[in-house]
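**Student:** Residues per chain, in single letters:
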Amino acid sequence: MNLTDQINAAWNWLTASAHWSGSDGIPHRLLEHLGYSALALVIAAVIALPLGALVGHTGRGGFLVVSFANLARAVPTLGLLLLVVTVTSIGLTPVIIPLIALAMPPILVNTYEGIRGVDADIKDAAEGMGMKGPGVLLKAEIPVAMPLILLGLRTAAIQVVATATIAAYAGIGGLGRYIVDGLSRKDYPSVVGGSVLVVLLAVIVQVAFIGLRRALVSPGLRGSSRTS
Amino acid sequence: MSVLAADGEPLIRWNWIGDHSDELTTLTLHHLKLALLPILFGLIVAIPLGIMCVRWRWLYPPTLGVANVFYGIPSLALFMLFIPYFGIGSGGQADFTIILPLTLFSLSVLVPNVVDGLRSVPEPVRQAATAMGFGTLRRLVQVELPIAVPVIIAGARVAAVASISLVSVGVLIGNGGLGQLFIDGYSRDFTTPIIVSCVLIIVLALFSDGVLVTAQRLLTPWARTRRSNG
Numbered sequence: 001m002n003l004t005d006q007i008n009a010a011w012n013w014l015t016a017s018a019h020w021s022g023s024d025g026i027p028h029r030l031l032e033h034l035g036y037s038a039l040a041l042v043i044a045a046v047i048a049l050p051l052g053a054l055v056g057h058t059g060r061g062g063f064l065v066v067s068f069a070n071l072a073r074a075v076p077t078l079g080l081l082l083l084v085v086t087v088t089s090i091g092l093t094p095v096i097i098p099l100i101a102l103a104m105p106p107i108l109v110n111t112y113e114g115i116r117g118v119d120a121d122i123k124d125a126a127e128g129m130g131m132k133g134p135g136v137l138l139k140a141e142i143p144v145a146m147p148l149i150l151l152g153l154r155t156a157a158i159q160v161v162a163t164a165t166i167a168a169y170a171g172i173g174g175l176g177r178y179i180v181d182g183l184s185r186k187d188y189p190s191v192v193g194g195s196v197l198v199v200l201l202a203v204i205v206q207v208a209f210i211g212l213r214r215a216l217v218s219p220g221l222r223g224s225s226r227t228s
Numbered sequence: 001m002s003v004l005a006a007d008g009e010p011l012i013r014w015n016w017i018g019d020h021s022d023e024l025t026t027l028t029l030h031h032l033k034l035a036l037l038p039i040l041f042g043l044i045v046a047i048p049l050g051i052m053c054v055r056w057r058w059l060y061p062p063t064l065g066v067a068n069v070f071y072g073i074p075s076l077a078l079f080m081l082f083i084p085y086f087g088i089g090s091g092g093q094a095d096f097t098i099i100l101p102l103t104l105f106s107l108s109v110l111v112p113n114v115v116d117g118l119r120s121v122p123e124p125v126r127q128a129a130t131a132m133g134f135g136t137l138r139r140l141v142q143v144e145l146p147i148a149v150p151v152i153i154a155g156a157r158v159a160a161v162a163s164i165s166l167v168s169v170g171v172l173i174g175n176g177g178l179g180q181l182f183i184d185g186y187s188r189d190f191t192t193p194i195i196v197s198c199v200l201i202i203v204l205a206l207f208s209d210g211v212l213v214t215a216q217r218l219l220t221p222w223a224r225t226r227r228s229n230g
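Sequence order for the protein chains is A and B. Its first residue numbered 1, the first sequence is counted upward by one per residue in this note's numbering. Its first residue numbered 1, the second sequence is counted upward by one per residue in this note's numbering.
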């Protein structure tokens with residue numbers, strides 16, 4: 001099967017009406033996939049955003065945070081998933097835990113680096129205007145660091161959406177079902193079709209973050225994008 | 001180990017490690033090969049590509065777009081795409097089913113970093129090099145690329161750690177280095193191999209990271225003379 005055959009097979013699979021309804025239908029699996037991804041991303045953000053902001057603001061524990069994040073990046077997601085499944089049981093928890101571990105490092109590091117990198121003059125100006133620590137953080141540092149914070153969230157979101165396919169290994173749904181079940185049935189159109197859906201989802205996430213950037217980043221800061 | 005799983009089985013049986021040291025060594029070496037060749041290939045592609053993207057600015061947005069799309073593909077799916085060309089299994093040609101997709105993943109980190117690194121070269125430095133009679137090529141090789149090294153290596157570190165972790169997914173198509181032990185453990189409800197391979201993968205990542213940091217220090221001797229948090 002060469003590339004053209006793969007594309008044709010995926011197209012036929014995607015456009016078959018039987019694949020668009022029921023509990024194994026694309027809309028249902030897509031919602032499941034988005035659900036796991038969003039849950040993991042929100043939990044990771046709730047932990048990592050305040051932690052990164054605090055460490056960046058106080059300047060204390062930065063080395064620890066970056067080292068921890070690098071270590072967490074090295075943890076193999078599949079191994080963590082299978083470990084948690086083996087120790088506990090099949091279900092939502094074993095899926096969410098590795099996805100949170102995957103999402104936290106980019107959010108944490110980018111938030112920390114973003115806040116830490118805010119120009120000292122800006123902080124001085126904020127203090128000169130009478131702001132105290134929290135005010136400086138909320139009104140000056142976070143808005144200035146916003147492009148980098150969003151970049152961290154975007155990286156995390158894309159990784160989570162692509163990796164949530166492993167949910168199928170914990171016996172629950174999501175787009176990974178098409179890939180994993182297709183693999184075991186040697187049903188390659190299903191594998192390629194499922195993969196195409198995940199890629200589309202990742203592209204949609206990218207576009208959504210471009211919109212979010214427009215909405216959240218102060219006009220004065222646009223164009224100052226850095227990669228991590 | 002005092003921590004027990006629910007059914008009273010210890011999380012780790014230490015004697016298993018000694019009994020399987022040969023297998024662990026083989027899998028570790030194979031894992032390193034599958035994970036680090038992509039970084040090497042990635043650098044070989046990303047450096048010229050990044051140079052071109054800096055020189056012809058219009059080339060960068062589409063290149064970045066394609067690289068970002070690769071980043072969003074589940075690794076398993078990308079492995080599948082290469083099975084028809086290199087086959088399935090471990091060793092020989094089939095290794096490329098893992099190595100080439102990981103090379104594509106590494107590009108999504110390496111290309112932006114090469115571009116950012118080259119763009120971070122201060123204009124006065126460039127002008128000074130030109131004033132000293134450096135041609136474009138010599139200026140690139142002797143001035144711009146060395147200054148870009150820290151940013152390029154920062155990208156290589158992220159790519160290497162990600163690659164070492166992602167190789168293990170290859171086990172689902174029969175070639176995942178240490179990931180093999182995930183499935184061995186999972187199918188027998190036995191946590192020791194899963195934990196051991198996770199720890200070995202983390203150790204490999206830290207080791208490669210250390211090697212890259214050392215490489216950066218050797219390649220940028222001037223950075224050592226002043227204090228930097230590089």
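Check before you lean on any hint, since a few could be wrong.
What the hints assert, rightly or not - With a straight-line Cα cutoff of 25 Å, these simulated SDA-like cross-link-like pairs (lysine to any residue) come out:
no.: 1; chain 1: A; residue 1: K186; chain 2: B; residue 2: D209
no.: 2; chain 1: A; residue 1: K186; chain 2: B; residue 2: I183
no.: 3; chain 1: A; residue 1: K186; chain 2: B; residue 2: L81
No lab work stands behind these hints, which were simulated from the structure alone.
**Student:** Now tell me, hint by hint, if it's right for this structure.
**Tutor:** Against the structure, the hints come out as follows:
With a C-alpha separation of about 38 Å, the suggested pairing of K186/A with D209/B is violated against the 25 Å cut-off. Distance hint between K186/A and I183/B is fulfilled; the C-alpha atoms sit about 19 Å from each other, no more than 25 Å. Our distance criterion of 25 Å between C-alpha atoms is met by K186/A and L81/B, whose separation comes to about 13 Å.
The structure shown violates just one earlier hint, number 1.
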